[in-house]
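Chemist: For this one, chain A is given, so just place chain B on it according to the hints.
For reference, the chains in residue letters:
Protein chains: 2
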Amino acid sequence: MAIPHLHSVQSVRVSSPCRISFPNQYHCGRSNFSRKSSSLVYASTRNFDRDLRLQSKVETVLDSVKWDDKGLAVAIAQNVDTGAILMQGFANREAVATTVSSRKATFYSRSRSTLWTKGETSNNFINVQEIFLDCDRDSIIYLGKPDGPTCHTGSETCYYTPMLDLLEHRQDEEHKLALTTLYSLESTIAKRKEELEVPESGKPSWTRRILSDEKLLCSKIREEADELCRTLEENEDRLRAASEMADVLYHGMALLARKGVKMEEVLEILRRRFSQSGIEEKRNRKSQA
Amino acid sequence: MAIPHLHSVQSVRVSSPCRISFPNQYHCGRSNFSRKSSSLVYASTRNFDRDLRLQSKVETVLDSVKWDDKGLAVAIAQNVDTGAILMQGFANREAVATTVSSRKATFYSRSRSTLWTKGETSNNFINVQEIFLDCDRDSIIYLGKPDGPTCHTGSETCYYTPMLDLLEHRQDEEHKLALTTLYSLESTIAKRKEELEVPESGKPSWTRRILSDEKLLCSKIREEADELCRTLEENEDRLRAASEMADVLYHGMALLARKGVKMEEVLEILRRRFSQSGIEEKRNRKSQA
Numbered sequence: 001m002a003i004p005h006l007h008s009v010q011s012v013r014v015s016s017p018c019r020i021s022f023p024n025q026y027h028c029g030r031s032n033f034s035r036k037s038s039s040l041v042y043a044s045t046r047n048f049d050r051d052l053r054l055q056s057k058v059e060t061v062l063d064s065v066k067w068d069d070k071g072l073a074v075a076i077a078q079n080v081d082t083g084a085i086l087m088q089g090f091a092n093r094e095a096v097a098t099t100v101s102s103r104k105a106t107f108y109s110r111s112r113s114t115l116w117t118k119g120e121t122s123n124n125f126i127n128v129q130e131i132f133l134d135c136d137r138d139s140i141i142y143l144g145k146p147d148g149p150t151c152h153t154g155s156e157t158c159y160y161t162p163m164l165d166l167l168e169h170r171q172d173e174e175h176k177l178a179l180t181t182l183y184s185l186e187s188t189i190a191k192r193k194e195e196l197e198v199p200e201s202g203k204p205s206w207t208r209r210i211l212s213d214e215k216l217l218c219s220k221i222r223e224e225a226d227e228l229c230r231t232l233e234e235n236e237d238r239l240r241a242a243s244e245m246a247d248v249l250y251h252g253m254a255l256l257a258r259k260g261v262k263m264e265e266v267l268e269i270l271r272r273r274f275s276q277s278g279i280e281e282k283r284n285r286k287s288q289a
Numbered sequence: 001m002a003i004p005h006l007h008s009v010q011s012v013r014v015s016s017p018c019r020i021s022f023p024n025q026y027h028c029g030r031s032n033f034s035r036k037s038s039s040l041v042y043a044s045t046r047n048f049d050r051d052l053r054l055q056s057k058v059e060t061v062l063d064s065v066k067w068d069d070k071g072l073a074v075a076i077a078q079n080v081d082t083g084a085i086l087m088q089g090f091a092n093r094e095a096v097a098t099t100v101s102s103r104k105a106t107f108y109s110r111s112r113s114t115l116w117t118k119g120e121t122s123n124n125f126i127n128v129q130e131i132f133l134d135c136d137r138d139s140i141i142y143l144g145k146p147d148g149p150t151c152h153t154g155s156e157t158c159y160y161t162p163m164l165d166l167l168e169h170r171q172d173e174e175h176k177l178a179l180t181t182l183y184s185l186e187s188t189i190a191k192r193k194e195e196l197e198v199p200e201s202g203k204p205s206w207t208r209r210i211l212s213d214e215k216l217l218c219s220k221i222r223e224e225a226d227e228l229c230r231t232l233e234e235n236e237d238r239l240r241a242a243s244e245m246a247d248v249l250y251h252g253m254a255l256l257a258r259k260g261v262k263m264e265e266v267l268e269i270l271r272r273r274f275s276q277s278g279i280e281e282k283r284n285r286k287s288q289a
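As they're listed, the protein sequences go chains A and B. Note that full-length UniProt numbering has the first sequence beginning at 1, numbered continuously upward. Note that full-length UniProt numbering has the second sequence beginning at 1, numbered continuously upward.
For reference, chain A alone in the conformation it holds in the complex:
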C-alpha cells in the first residue's frame, strides 16, 4: 500500500521550527553517552554532499508528519525485545530530529516547554533502533532498548495501574505492570518460585512441582520437545504443533526461572544473533567443523 505524500512538503504549524543538525551534533554532556549512532555520523568533507542529502531527507520525512496545532505528535517508547510500552510523551520536530541523530528517545515537555531526552537525569536512556510513523502520520513509536527502568518511580514502565482490576477486586491501590502474555506467564512462574519457600497445603500445582523437581522438569522439557517434533514427523495438525510449542515454551521458562534468567535476555540474544546473522554464522561454523 502506498505511503502517502512522503515527498510532498505539507503545510504544518510547528511551534519551534528547527534546522536539523546533521550529522550527530547531539550533546548532553555525559561521558557515557553512546556514539553507536555512528552509521549516520561521518566527518570527512568528501561526505559533505551525502550529509546534505541525508539532512534533506530527514527534513522531508519530518515535513510529512502531521504535527498538531501545537507542533506536536504523540511519541510512544516501546521495548524492542519485550514489546512493553515503556512510556508515552509528545515530540515536536526537533525532538524527533534529535532522536534520529542521537538514537536516544527524546521528547518535548509540554509543562516545561523544553526538549528532554529520557535518561538525561536517570541515565536510563532508551536506545532507539527504529522510529515508526503510523498511517495517519501523527503518531510515532520509538522502538528501542531501555538502559534501565523507564518510569521516574523506578517502575520498569509507566503503566502499572490496572483499571479493571481496581474495579473488580475492590482494591484501592494495586501495582501491576501492563504485561503481555509471555511476560504475564513469566511473572506467574516467578511468583510460584517465590512461594516455594512456603509449605503448601494440599496438592501442589504443576508449576510448583516442576520448579521444585529438577529431574521432572528436565524430563518434561525433553518430552515436550519430542512431542513438538512428532507433530512434524507424524504430520499432526497445526493446532497440535501450536499446543506442543506452548508446552515447550512454558517448561523452558520454568527452567529459566530456576536459573534466574529473564525471557528478555533470551530475546536480546536472538536479536543480536539475527542482526549479526549470528545464528547463520554460528551454525555454518559448526557444520564446517
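What the hints contain is simulated information worked out from the structure, not anything from laboratory work. This list has only true hints and no planted wrong ones.
Result set (BS3-like, lysine-lysine): computed pairs, CA atoms no more than 27 Å apart in a straight line:
| # | chain 1 | residue 1 | chain 2 | residue 2 |
| --- | --- | --- | --- | --- |
| 1 | A | K70 | B | K70 |
| 2 | B | K66 | A | K70 |
| 3 | B | K262 | A | K262 |
| 4 | B | K66 | A | K66 |
| 5 | A | K145 | B | K191 |
| 6 | B | K176 | B | K193 |
Quick caveat: nothing in here was measured; it's all calculated off a predicted structure.
Modeler: Frame of chain A; chain B shown alone:
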C-alpha cells in the same frame, strides 16, 4: 509504590461530562457484539447496591485521570499476546467508560467530535482485557485481542513506516511493520521459507537448511532441548541457559513455520491455559491418570 490520588477527585475540564451507564448498556446495534463482559453485567435487583458501588468506583477512577484541556487522554491499543502497538487514538471520559463496560476499545474522534469503537465499521474490534493508566494518569493502554487487522489500510497495525530505514536505505516508500524481536525473527524465518522456492546459489543459510530438511530440524530441536536441560543438570552458568533457550525458541519457530503456525497462536494458547489455570489442570489430570 503508592498510586497517587485515586480517591481524590481532581478538578478537570471535561469536554463531554458523562454519566456512566453501568452495568453494560453499550449498544452498537451489531448482533455479533460480544457480551463476554458479563462479569460486570448483572441484572437482578438484589445486585442494585453493588451496581451503584461499581458505578461510583468507575466515576472515581475516571476522576483520577488527568484529562487535557480538551477533556482527552492518549489511548494506545496493544495486542495482549504479541505486544504489538495496534493503533493510538484519544479517549475522553465517555470513551473510557464505554470501553470499561463494553470491553471493546473505544476512542473519541477529534475530527468528527464523536465517540467511535474500533471495529464498528470493519468488525475488527479490539477485545479489551485490561486498561492501564500511566504514572501521570494522562495516558491509557487498552490491552486486548484484535479480531483482525487494526489499520484501516488492512495492515495488522497502523505502524508500518520505518523512518530510519527510509533515511538509510534511500527508499522512498517501504512497508515494514513495527515488529519486536520475536516477531521480527518470525518474519525472517517466514521470508526464508518463501525463498525455498528459489534455487540458492552458494552455501545455503542455516535457516534454509533446517526449513528444507525435516530430519535435521527435528534432531536440532531435540539436541537444543537436551542442551537446555544440561545447563540445569550440570549447573552451567545462566548465560548459557539463556543462549540454549534462544536456540530452542529459534528451532521451534522454524518448525512452526513449516506447520504454518504463528507465535501469536502459541501465546494465545498459553494465555487461555493460564487464565483458566489450564496447564495446572491439564498436568494434574495427566499425573492422576
